[in-house]
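Fit chain R to the supplied structure of chain G, relying on the hints for placement.
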Amino acid sequence: MSWIHRTAAEQAAALAAGEVTSVELTQAHLDQIAATNDDLNSYLHVDAAGALAQAAASDARRLKGEPLHELDGVPIAIKDVLATHGLPTTAGSKILEGWVPPYDGTVVARIKAAGLPILGKTNMDEFAMGSSNENSAYGPVKNPWDHTCIPGGSGGGSAAAVAAFQAPLAIGSDTGGSIRQPGAMTGTVGVKPTYGSVSRYGVIALANSLDQLGPVTRTVLDSALLHELIGGHDPKDSTSVTTPVVGLVEAARQGAAGDLSGVRVGIVKELQGDAWSAPVVERFNESIEILKGLGAEVVEVSLPNFVHAMAAYYLILPAECSSNLAKFDAMRYGLRVTPEGDPSAEDVMRASRDAGFGDEVKRRILIGTYALSSGYYDAYYGQAQKIRTLIIEDFKKAFESVDVLVSPTAPTTAWSIGEKADDPLANYLQDLATIPANLAGVPGISIPSGLSADDGLPTGIQFLAPVLEDARLYRVGAALEAALTKQWGAPITAPAYAKEA
Amino acid sequence: MVLNNTVAETLVPFEKVLETYDPAMGLEVHVELNTNTKMFCGCPTGFGAEPNTQVCPTCLGLPGAMPAVNRKAVESAIRIGLALNCEIAEWCRFARKNYFYPDMPKNFQTSQYDEPIAFNGYLDVEVEGETVRVEIERAHMEEDTGKSTHVGGATGRIHGADHSLVDYNRAGIPLIEIVTKPILGTAEKAPLVAKAYVSALRDLIVALGVSDARMDQGSIRADVNLSLAPKGSGTLGTRTETKNVNSLRSVERAVRFEMSRHAGILDAGGAILQETRHFHEDTATTSAGRPKSDAEDYRYFPEPDLVPVAPSREWVEELRGTLPEPPPVRRARLQAEWGFADLEMRDVVNAGATELIGATVAAGAAPQAARKWWTAEIARRANETGVELAEVGITPTQVAEVQALVDARTINDKLARQVFEGLYAGEGTPAEIVEKRGLALVSDDGPLIAAIDDALAAQPDVAEKIRGGNLGAAGAIIGAVMKATRGQADAARVRELLLEKLA
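The listed protein sequences correspond, in order, to chains G and R.
In terms of full-length UniProt numbering, the first sequence has 411 at position 411, counting the first letter as 1, and numbering is strictly consecutive.
In terms of full-length UniProt numbering, the second sequence has 90 at position 90, counting the first letter as 1, and numbering is strictly consecutive.
Worth flagging that the hints you see were computed from the coordinates, not collected in a lab.
Backbone N, C-alpha and C define an ideal beta-carbon position, used for all residues, glycine too.
Listed next, with one range per pair, are the computed distances between beta-carbon atoms:
#, chain 1, residue 1, chain 2, residue 2, range
1, G, D359, R, D103, 30 to 36 Å
2, G, D378, R, G289, 26 to 32 Å
3, R, P182, G, K386, 29 to 35 Å
4, G, L366, R, P182, 36 to 42 Å
5, R, T155, G, H85, 40 to 46 Å
6, G, T338, R, E317, 56 to 62 Å
7, G, S416, R, D103, 44 to 50 Å
8, G, D342, R, D103, 21 to 27 Å
9, G, D342, R, C56, 31 to 37 Å
10, R, D342, G, T242, 53 to 59 Å
11, G, D378, R, P182, 24 to 30 Å
12, R, P182, G, T338, 45 to 51 Å
13, G, K386, R, F100, 29 to 35 Å
14, G, P304, R, A310, 26 to 32 Å
So here's chain G without its partners, still in its complex pose (with noise of 0.2 Å):
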């Protein structure tokens, strides 16, 4: 088996015994990135030559028997939407083409405190506005298990590059499911945080209170990892909570030991039904019986307000939206558009924008400035606002009889690049089962569930869990993920990538 295909928590275990050097593990990546990113697309920018001094200096630091974070040395790509010193960071906009930021993100500069070499940044919807990558202004990611399918969104680039081996660890945003619904187009594990439990600072924002980074890895070890390493207070980010995030890595290995006795999953109601294609509660049926066989004791919940939540969802994004883009007027940086003759800078804003936001940015921008707009506000904002509220007391209701609450992460298996590309509303409901964890700031895993019977994609499952009780989501989703691997014998992985170079 070569290094690429080894988990995180191995290629660290690797580094730690001195079977190999960061230097070559960061090079095995970087190799994998070069042979498959013409294909792929997941990246939009690689920084070999960066990646490779961090990654010799890790070397250099472990020589000297320096105190060295678990996951030093150990590879990462990122997901555009966070700023890099240095690096171009585009949030896969045209408007921000050749933006190299004067600063890091505080997951950015934690992620290079604990010596983790940055391969690149990865392609995305752009300003993270899409289900399906199709709306990256660099073009759509390839999903690695048939490159005709999409990889889920918006952090396709972050899934597709750790499903086929460019990086054992990636970072993406959780808008409102754009971690773990790629995380089940693409059979890998996703993580969306306790809302303000990992810092925002540096995210170029899509709905600043939907908002959260999290983890993409290949198994739920390996997102507990990550995820103490980027959580925690930041005074840069005034939502960000002051608890500390610690316990995951340990909640993940004691769930791998697959006792789940004790522990209560509620299947949620609302999320059953017509939109579920049969091939992925087929899937979903069979983790509830491991769940069950492991201990669990699985009920049915109802949280009424589920159903509202899609709607709410899309007046609260567009609303933050419009306001956040309104920074983008082609004035301090990013692309500049100068039309003909003599233009004013209202002239020159309006063809810079023209020619920088793509038709779903420019759609939701003019959704939510209506939405906000004088009049209209209690209307549609605050209502929005009260289901919010409402769905937020669901979860509470809810969490008092169960400890986690499961689901199918997304309804359906990833669907041909280009199929529901002209029905807006179509790619929408795919969040349908990640979006209610956003309004409520709860945190939700997606792991792989199996593959479908009838096209062989990767399926998910999600659980979410209270507020700050995100060791639950590791506990239960490593215990699911060991038992499911016993049964396929072997971690799924896309074919096509999982042979040696």
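For chain R alone, coordinates are given in the frame of chain G:
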């Protein structure tokens, strides 16, 4: 009804306005806080730094950057609110005010909207010996914008300029905006009430120590809303908002001018256009800015990047304990302590000399002496050089030293003026100046007696009168002695010696 732009603007004389109309005013005052760092980031706030040297990703609004609230600014806001007799919100939030402005890097301003930190207060102001209570609607926190310079045009305005330069040093400096409720029923006193309110507010801000309170540097800026309604109608007319008026005198003149202008339009059957106006210091007039309707849509919504501000009641009470004595109370106390007449105290306040006199008295001078120097000699100098009293370059200690020399009869008042000349010129301490310039009074009786003898000899008729009991005639001899000693004789001593001689 015709719009005002079709009506020639005739100004109605101020006194005439009141025959037909009742004025209503609203004042919005922005106070720039003197915190060390900005409202939402750790950048320094010093005035006059090189452009764009006090900036970071947050105050430049770079993608990904986030705000974090400056606790010191919240503290100042609460103290201002308490000093204005406001209620302090138990829970409030910041909101985004979405509008485009070239100096505003995020293209929205982080401000407070329907949930201000302080609300429902009042400030009592003195106008011509009468107390007028100005009710405060709210005081809220917000951030300042950057500053543009338009280069290459004749006027310095954006039209005709080749290019514009933006300095973001000011972007993100904390501001408190204090908004009054409509001020009604002031009639002919409206301009004075406006001025007195801003003046009282400035005094309060100075006493609180929360701002440099320099109107000329824009650290306090007043927007003057004014409308006229038919006399006795009890309604409110359409208002105009004169922006950024930056002196007390201009506040008064802006109200006066807008009242005359509105009346001119209304008398001619026109309608007031709701708009912002610019005030011109040189002509004391206003000109049209941008139209502003009530429907202007800022698309406010709660700032999702900032958690609500919920000051604990303990903290608020603790801050209440730090409030200074209200300026009017303090003035009354000092007036009694110093024994000043009402008129004297009014001059002291108008000259902005209260603090300086206090410090001079603390340095050992008698209050009346301190008053005299600051409101006459030094005020004259300030006037001539066009600076604030505190910036003439004379310290209270120096004034006390000069007075001590007078008290010791080393110099007299007249010579003291020359000592001040020396102080302005930076010639050293008062004692050194007396020494260098040779200003000391002649303290040796010998030369004085000689000078008296000379004077008596020169004016034998006057000597006769004095000997005959007409002491009033002594002045002529004393004057002659003063002249002979070039003003350096101690007149009182000369008088004593003269009377001794003639006794």
